[in-house]
Amino acid sequence: MPVTAVNTGPAQARASRTLIEIDRLNLYYGDFHALKNVSLDIPERAITAFIGPSGCGKSTLLRTLNRMNDLIPGTRIEGRIAIAGTDIYSPEVDVETLRKKVGMVFQQPNPFPKSIYDNVAYGPRLHGIRKKSRLDEIVESSLRAAALWNEVKDHLKRSALSLSGGQQQRLCIARALAVEPDILLMDEATSALDPISTLKIEELVQQLKERYTIVMVTHNMHQAARVSNRTVFFLNGEVIESADTEKLFSDPSDSRTEDYISGRFG
Amino acid sequence: MIRRVEFDEGLDELKALLLEMGERVEKAIEASMRALQAVDGDGARKVIADDPELNRLEERIVELGTRLIATQQPVAKDLRRILVAFRISNDLERMGDLAVDIAKAVLRLEGRELIKPLVDLPRMAELVQTMTRESIRAFLHENVDLAYKMARDDDAVDAMYGSVLQELFALRPAGARDSSQAMLLSFVGRYLERIADHATNIGESVVYLVTNKRPDLNR
Chain A
168 MPVTAVNTGP
178 AQARASRTLI
188 EIDRLNLYYG
198 DFHALKNVSL
208 DIPERAITAF
218 IGPSGCGKST
228 LLRTLNRMND
238 LIPGTRIEGR
248 IAIAGTDIYS
258 PEVDVETLRK
268 KVGMVFQQPN
278 PFPKSIYDNV
288 AYGPRLHGIR
298 KKSRLDEIVE
308 SSLRAAALWN
318 EVKDHLKRSA
328 LSLSGGQQQR
338 LCIARALAVE
348 PDILLMDEAT
358 SALDPISTLK
368 IEELVQQLKE
378 RYTIVMVTHN
388 MHQAARVSNR
398 TVFFLNGEVI
408 ESADTEKLFS
418 DPSDSRTEDY
428 ISGRFG
Chain B
5 MIRRVEFDEG
15 LDELKALLLE
25 MGERVEKAIE
35 ASMRALQAVD
45 GDGARKVIAD
55 DPELNRLEER
65 IVELGTRLIA
75 TQQPVAKDLR
85 RILVAFRISN
95 DLERMGDLAV
105 DIAKAVLRLE
115 GRELIKPLVD
125 LPRMAELVQT
135 MTRESIRAFL
145 HENVDLAYKM
155 ARDDDAVDAM
165 YGSVLQELFA
175 LRPAGARDSS
185 QAMLLSFVGR
195 YLERIADHAT
205 NIGESVVYLV
215 TNKRPDLNR
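From first to last, the protein sequence lines stand for chains A and B. Those letters in the first sequence? Residues 168 to 433, by our numbering. Those letters in the second sequence? Residues 5 to 223, by our numbering.
Warning: the hint list may mix true and false statements.
[Stated by the list, open to error] Pairs of lysine to aspartate or glutamate, EDC-like flavour, derived with a Cα cap of 16 Å: (1) B:Lys217 / A:Glu355; (2) B:Lys81 / A:Glu413; (3) B:Lys81 / A:Glu304; (4) B:Lys217 / A:Glu413.
[Said to hold, decoys possible] Now the in silico label distances, taken between C-beta atoms and shown as ranges: (5) A:Lys320 / B:Lys217: 30 to 40 Å; (6) B:Glu67 / A:Arg243: 52 to 62 Å; (7) A:Ser329 / B:Asn94: 51 to 61 Å; (8) A:His389 / B:Arg91: 52 to 62 Å; (9) B:Asn147 / A:His389: 46 to 56 Å; (10) B:Pro56 / A:Ser221: 27 to 37 Å; (11) B:Lys19 / A:Ser358: 29 to 39 Å; (12) A:Ser358 / B:Lys217: 53 to 63 Å; (13) B:Arg8 / A:Thr253: 40 to 50 Å; (14) B:Glu67 / A:Asp254: 36 to 46 Å.
[To be verified] Pulled from the structure, derived: some chain A residues nowhere near chain B, Cβ distances all over 10 Å: (15) Ile296; (16) Lys320; (17) Ser429.
Read the hints as simulated data drawn from the structure, not as lab findings. Note that CB positions come from ideal geometry on N, CA and C, so glycine has one too.
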């Protein structure tokens, strides 16, 4: 069982079991030491937010959780990340299967230039589902889960690119949910959206945590405060503080956390 | 370290307003007690006339704090600084009202001589003024030790109040006028004791500001 570097949050009633265990993780891009000895437990069916200044390593850590960093040449990783007890960097792990279980939503909505229906059905088809009635079911349930169904149910054949930015982002969430992941990673998923679309996504995420484990990177500290159950503050590739969100934003243990959340960090 | 200029200036302004309130409250206590000792109706009327300014200052603090929360979205200690400023301004406003109550007691005594020279009440008032000054200083300097001193001073004020009551109850009033005067003086003791409780509340607010814990100093 890894020891969490800094774990200041009080035991909470809703505390769920740990789904992702990160143990003494170091990550290098060539000579650059991007993540330094990061140990962290991420609870199941809760929202964990990563915050910190640009270049602090929060997105890098997020991308290690579905091995997106594998795509970057010169990346070297030490330490261990286990999801539900399985080391995701062990040679037996199939990366495609991992990414099916760990979906991701990015900063810019990136729907395929296909119909709304085909965007959502893309993943299930890739994983071998062909039956029309089954695909219909998946498309509807995924769009419902992403709070988009009522807005698009009569236009499923329309191009996804005809949707607004906020709708496109919810479509990308639906697309991620269609392959039935356990974990949803969100990398600045609302930073390109207007405030109303942002609030819709935030509400959606609150509903999704009943069924999924969500890890989000956000530059918007108030979003982390509004939405997440746990918040992790990163600085220069290190975890400075990890605590219940309420605690971290009202009574942080580390003065660097307080400086950052108070906007006095420089 | 980045300085959040607009926010920090707002906080400085809040502190200045609270300091001004504290000084005015201290003066109001002093003036009301001076009026009591001299049975000076004009002095008492001045205390009553000055009180609305305290209410205006409290309103300004609430307006400024609300604006800072709405526009600057402070968190952690920055947020507590504003929440605590609200509470302290409310305590100070109530302390001002209690000084007005003392002044009103003076108006009821106007034209009469005191049944006894006042000894304990002025001593109580002196300590209560010190508490008022120090509670604000504890806030301005975020000084927890000074905040905790409020609890000890409050105990001393309570003890003095007890002996004031004992003495007044032991008096053998010569008539109804003397009895009503003894009652008014015991009220004054009660008002001073209440002011000390509010100063102690301010101490509690300071401890909360610094530690995020809520102590009970008013036991």
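Right, here's what the structure says about each hint:
In summary, the hint linking Lys217 (chain B) to Glu355 (chain A) is not supported, as the alpha carbons are separated by about 34 Å, beyond the 16 Å threshold. Taking the CA atoms of Lys81 (chain B) and Glu413 (chain A), the gap is about 13 Å. The hint holds against a cut of 16 Å. Of the pairs offered as hints, the one joining Lys81 (chain B) and Glu304 (chain A) is violated, with about 50 Å between alpha carbons and a cut-off of 16 Å exceeded. As the CA atoms of Lys217 (chain B) and Glu413 (chain A) are separated by approximately 14 Å, the hinted pair is consistent with the 16 Å bound.
At about 52 Å, the beta-carbon gap between Lys320 (chain A) and Lys217 (chain B) misses the expected band of 30 to 40 Å. Checking the proposed 52 to 62 Å range against Glu67 (chain B) and Arg243 (chain A) shows it holds: the Cβ atoms sit about 56 Å from each other. Taking the beta carbon of each, Ser329 (chain A) and Asn94 (chain B) are about 55 Å apart, inside 51 to 61 Å as hinted. With their beta carbons about 24 Å apart, His389 (chain A) and Arg91 (chain B) fall outside the hinted range of 52 to 62 Å.
For the pair Asn147 (chain B) and His389 (chain A), the supplied restraint of 46 to 56 Å is violated, since their beta-carbon distance comes to about 31 Å. Between Pro56 (chain B) and Ser221 (chain A) the beta carbons are some 51 Å apart, a value that contradicts the proposed interval 27 to 37 Å. Restraint check, Lys19 (chain B) to Ser358 (chain A): a C-beta distance of roughly 36 Å satisfies the suggested window 29 to 39 Å. Separated by about 36 Å at the C-beta atoms, Ser358 (chain A) and Lys217 (chain B) break the suggested range of 53 to 63 Å.
Separated by about 45 Å at the C-beta atoms, Arg8 (chain B) and Thr253 (chain A) satisfy the suggested range of 40 to 50 Å. The hinted window of 36 to 46 Å between Glu67 (chain B) and Asp254 (chain A) is violated, with their beta carbons roughly 57 Å apart. With a closest Cβ-Cβ approach of about 46 Å to chain B, Ile296 (chain A) is found to remain outside the 10 Å limit, as its non-interface label requires. Non-interface call for Lys320 (chain A) relative to chain B: holds, since the shortest CB-CB distance, roughly 38 Å, exceeds 10 Å.
A Cβ of chain B approaches the Cβ of Ser429 (chain A) within 10 Å, the least distance being about 5 Å, so the stated non-interface status is violated.
Of the numbered hints given earlier, the model fails hints 1, 3, 5, 8, 9, 10, 12, 14 and 17; all others are met.
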